[in-house]
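Novice: Chains as they are written, first to last, in numbering that gives the first Met the number 0: chain V, 0 to 369; chain X, 0 to 305.
Hints listed in this document are in silico derivations from the structure and should not be mistaken for laboratory results. Bear in mind that the values here come from a model prediction, so they are computed numbers and not experimental data. The beta carbon of each residue, even a glycine, is placed where N, CA and C say it ideally should be.
Only pairs whose alpha carbons sit at most 27 Å apart, straight line, appear in this in silico DSS-like list of lysine-lysine: (1) X:Lys301 - X:Lys230; (2) V:Lys314 - V:Lys335; (3) V:Lys366 - X:Lys150; (4) X:Lys176 - X:Lys109; (5) X:Lys230 - X:Lys282; (6) V:Lys335 - V:Lys173; (7) V:Lys366 - X:Lys69; (8) V:Lys126 - V:Lys44; (9) X:Lys239 - X:Lys301; (10) X:Lys286 - X:Lys301; (11) V:Lys314 - V:Lys126; (12) V:Lys216 - X:Lys69; (13) V:Lys18 - X:Lys126; (14) X:Lys126 - X:Lys150; (15) X:Lys150 - V:Lys216.
Computed Cβ-Cβ distance ranges for the label pairs, DEER-style: (16) V:Ile263 - X:Gly14: 39 to 49 Å; (17) V:Thr368 - X:Lys126: 29 to 39 Å; (18) V:Gln282 - X:Glu5: 34 to 44 Å; (19) V:Met20 - X:Glu255: 48 to 58 Å.
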Amino acid sequence: MRSLPHVIRKEFRQISRNKIMLPLLFVMPIVQLIVLSYAADFEVKNLNLAVIDHDRDPMSRALVDRFVASGYFTHVGQFQEVGAALEAIDREEADLVMTIPEDFSRSLRAGKPSNVQLLINAVNNQKASVANTYSQQVLALFNQERLFERFGGSAPGGLEISSAYWYNPKLNYKIFMVPGILAILVTMLTAFLSSINIIREREMGTIEQLNVSPLTKFEFILGKIIPFWIIGMVLMGFGLVVAYVLFGISTAGSTLLLFGFVSIYLVAILGFGILISTVTETQQQAMFITWFFLVIFLLLSGLFTPADNIPVWAKGINFFNPIKYFVEVMRMVMLKGSGWTDIRGHFAIIILFAIGFNFVAIRSYSKTTS
Amino acid sequence: MEYAIEIEGISKRYGDVQALQQIDLRVGKGEIMGLIGPDGAGKSTLYRILTTLLLPDEGSASLNGYDIVKDYRHLRQILGYMPGRFSLYQDLTVEENLEFFATIFGTTIKENYHLIEEIYVQLEPFKDRQAGNLSGGMKQKLALCCALIHKPEILLLDEPTTGVDPVSRQEFWQMLKRLNTENITILVSTPYMDEAAMCDRVALIQSGEILTTSTPANIRTEYQGQLLSLKSQDMYHLLKTTRSLDGVMSCYSFGERLHVTIDPETSNLEMVQSALSTKGISKVEIKPIEAGVEDIFMQLLKRSDA
Chain V
0 MRSLPHVIRK
10 EFRQISRNKI
20 MLPLLFVMPI
30 VQLIVLSYAA
40 DFEVKNLNLA
50 VIDHDRDPMS
60 RALVDRFVAS
70 GYFTHVGQFQ
80 EVGAALEAID
90 REEADLVMTI
100 PEDFSRSLRA
110 GKPSNVQLLI
120 NAVNNQKASV
130 ANTYSQQVLA
140 LFNQERLFER
150 FGGSAPGGLE
160 ISSAYWYNPK
170 LNYKIFMVPG
180 ILAILVTMLT
190 AFLSSINIIR
200 EREMGTIEQL
210 NVSPLTKFEF
220 ILGKIIPFWI
230 IGMVLMGFGL
240 VVAYVLFGIS
250 TAGSTLLLFG
260 FVSIYLVAIL
270 GFGILISTVT
280 ETQQQAMFIT
290 WFFLVIFLLL
300 SGLFTPADNI
310 PVWAKGINFF
320 NPIKYFVEVM
330 RMVMLKGSGW
340 TDIRGHFAII
350 ILFAIGFNFV
360 AIRSYSKTTS
Chain X
0 MEYAIEIEGI
10 SKRYGDVQAL
20 QQIDLRVGKG
30 EIMGLIGPDG
40 AGKSTLYRIL
50 TTLLLPDEGS
60 ASLNGYDIVK
70 DYRHLRQILG
80 YMPGRFSLYQ
90 DLTVEENLEF
100 FATIFGTTIK
110 ENYHLIEEIY
120 VQLEPFKDRQ
130 AGNLSGGMKQ
140 KLALCCALIH
150 KPEILLLDEP
160 TTGVDPVSRQ
170 EFWQMLKRLN
180 TENITILVST
190 PYMDEAAMCD
200 RVALIQSGEI
210 LTTSTPANIR
220 TEYQGQLLSL
230 KSQDMYHLLK
240 TTRSLDGVMS
250 CYSFGERLHV
260 TIDPETSNLE
270 MVQSALSTKG
280 ISKVEIKPIE
290 AGVEDIFMQL
300 LKRSDA
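Chain V on its own, in the form it takes in the complex (with noise of 0.2 Å):
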């Protein structure tokens, strides 16, 4: 263990002659904190609203006048018939289409039931489908006031909804999804580094000189795993005042309890990174295989999507997601302000991947080869 310290002294002096490295590892987390949580933004506004109004009265242009006032649509044509309409929708000019039959004000006048057509372009389904309850929510009200006009105040009562939102009053995107990019944020740098450090070592043909040396290898891969911990452990700080400064998001619950778990959580994302060096040959395909993991990793994680979505097979592969503990504890403990008790299984399991991974990591590192 004596060698320890100078290896770990070793690893600190080349990143900081890493001319590009340092300056990323704090440009980056700025980047990407505000490209990513201003731009992915997943609200939709503006659906733009084609109409082809058959009956042309004043109640039919009453119904489109409120799609506009919803804020949501924008009316861009009226057209005679569904072709012109749904060439419109090909062009992107329109995404989605509302038909009004011919009889449409008669019928409600007369007290009868009438429909509207709506056709939404599916491409986006997430789109589609906003676009289609925002049109029943518009047509929902449409009703109420047509109800409303023709009985008066004694109009049959029905429930009203009126909910809040905790944690995010105002549904703010921003809120839910910096600390979610901090967490990816903070598991790509530290896996990334390194994942590609051992395998430079390889390329370099410096590793040749280390397995000749009494060096062994515990005290090897904990030269390499110490440094990336205290990267990341700094990039998780740095981050969090980036989020309060640009964001005004602080951390609701405990900090020390979020360290705490980012700490065990950056020594099994680093075992898993050199796991991938020790079977890899060139840092590119360890660049790939690393890819490989975190995407899906990411796009299960419930960053974007709600992890309680999947289907249960994904589960069963979510299990074993790191990074899906690891969104989940930043946006309890920074939003929702959980403590120690709420957490602990999230602990729990994330002790077991910091051993299991490390564990696998020495193992299958050798020194000799056969």
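Fit chain X to the supplied structure of chain V, relying on the hints for placement.
Specialist: Chain X alone, transformed into the frame defined by chain V:
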């Protein structure tokens, strides 16, 4: 004689390629042994086995009595290894590299400075320069310093002078000679035949087999036949014609001359000269020469092929 390196029946196969075949080699304590052979002869594989980086398929080897498989831990303390490829940290300075390799062996630069002093004084002006920015010769000197800094008992140098300018090569060998007086056993491989003469003994290796082991002086006496050196205006024609003559055992082009080996029982210099002139080649510069390591190597290769 006490042996520092004892190799017995070592074989190594990579897939279809037999890299080493039944290698037997003994190197005496304090000896400089040269391992000479072309690229792909198996030199580096042998080094990797001796340095405990690679396990042999068959056979055994021990260095200063320690087995390469069983006692690898101890061996890693007493070996100095310089791989064929420059393998120090290019982004660390000269001094940082040396210091790092000293510390992982649990020693300091100061402790063994006397061993490297002669080499290090040449490096000292560049001690703050990153190793990647050194010249080829300087890199090799630094690599040698790093391999020596823990005062190894045995120094294993894999092609230390490849890609190094002639002056640096000369200096490098002088340093090896001096280290030898410190009772460090040295196994050094090289593709350069002229370096063989600097060794106490040489082993010629080809296609994973040791062809012969001898002193550089003795190896000359193993040469069969008489060697002549020929030169003329039209070398190609001369080569073709000489090869067709009776009594010629071999004929190779060596730089701007031909090295021709004749059987002294059936031919001699005069006979070659007259035979050539009857075939229309009269202006030939011809003289007897002593066989060099290259000639011996070529002959051994030819014999082992036959």
